[in-house]
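J.: If you want the building blocks of each chain, they are given just below.
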Amino acid sequence: MAAIRLRDLFAVVMLFGIYSFVSASLFVVLDAVDVAFTEASVGAGVSTVFMLGALALTTSKEKPKSARKTLLPLLAVTITGLALVYGTWDIPAYGDPANPIHHHVVQRFIEDSPREIGIPNIVTSVLASYRGYDTLGETTVVFTAAIGVLLLIGGARRPSSGRDNAG
Amino acid sequence: MKHYTIPRVVTKLLLPLILLFALYVQFHGDYGPGGGFQAGVIFGAGFILYALIYGLDKARRLMPPQVLRVGVSLGVLIYAGVGLLGLLLGGQYLDYNVLDSHDPAHGQHLGILLVELGVGITVSSVMVTIFYAFAGRGR
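Quick note, the sequences are listed as chains A and B, same order.
Those letters in the first sequence? Residues 1 to 167, per the numbering used here, in order.
Those letters in the second sequence? Residues 1 to 139, per the numbering used here, in order.
Bear in mind the hints are in silico, worked out from the structure with no lab data behind them.
You may find that some hints are simply not true.
Derived DSBU-like pairs (lysine-lysine); straight-line CA-CA distance at most 35 angstroms [as the list claims (entries may be wrong)]:
id	chain 1	residue 1	chain 2	residue 2
1	B	LYS12	B	LYS58
2	B	LYS12	A	LYS61
3	B	LYS58	A	LYS61
Based on the sequences and whatever the hints tell you, model everything.
T.: Printed below as a string of structure tokens:
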């Protein structure tokens with residue numbers, strides 16, 4: 001809530017970093033160490049640095065905005081939130097062994113991956129082998145992000161003549 | 001940040017440990033938590049820390065942007081190349097079983113190691129590249 005109310009964007013970035021770190025601790029509590037690792041390093045670490053870099057490029061104060069236009073967004077957010085809450089009623093209880101997630105491919109992964117892949121960390125075998133295509137796609141997404149940033153702000157700055165200012 | 005002694009000294013002490021930890025996460029991802037993505041981020045964060053403390057110019061001399069651009073594409077190339085290698089050796093795309101003709105599990109191990117290495121190289125290069133782009137723009 002504080003992140004929405006604050007006008008000082010520097011404080012907002014810091015709050016998001018803290019939030020990421022708390023989520024990482026939550027993932028550790030849920031025994032998802034790999035996810036927690038990613039959240040702590042990416043969410044709390046690097047993305048905070050990038051946000052601060054973006055602040056250094058732009059400005060660290062949010063412009064005051066009139067309250068007139070906020071009614072429609074508020075309505076949309078409320079309806080979406082209610083729809084999501086309605087959706088949670090059908091989610092099975094946490095930790096219930098009869099949950100669908102424990103009966104699909106998970107059992108096969110846990111039982112067969114030591115024999116088929118031969119490495120102890122099942123998360124790694126699923127990520128890199130069983131779901132290799134997904135990880136290739138993720139790597140390509142990261143690659144594309146770099147290309148995008150380089151194209152937008154990476155290259156040497158052109159002298160700003162009249163024509164270039166249009167783009 | 002160039003004139004503060006304590007951050008400079010602490011960075012100098014921490015930097016080898018950060019990079020070493022990144023390599024540990026990279027190559028120990030088969031046994032413990034971690035893998036290419038996390039390792040790449042930590043490795044990139046090490047260079048970002050160096051650039052923050054010692055300045056962008058020194059960091060650019062340490063890790064030139066040209067090298068990073070090669071790294072960005074090299075990682076994806078390694079990943080896709082391992083997939084193609086499986087294809088050439090008579091398996092399916094991204095099927096690591098064929099990488100070792102004697103023991104499929106060994107092939108899987110090798111494939112995962114190479115693929116994670118590709119992910120790590122791409123992610124760390126991308127992180128530092130984006131940081132260079134952001135930090136170089138502000139001056």
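J.: Next, verify each hint and record whether it holds.
T.: Hints, verified against the model:
Note on B:LYS12 and B:LYS58: the hinted pairing holds, with a Cα-Cα distance of about 14 angstroms set against a maximum of 35 angstroms. For the hint pairing B:LYS12 with A:LYS61, the CA-to-CA distance comes to about 34 angstroms; that is within 35 angstroms, so the pair holds. With a CA separation close to 31 angstroms, the supplied pair B:LYS58 and A:LYS61 stays within the 35 angstroms bound.
Hint check: no violations occur; every hint is consistent with the structure.
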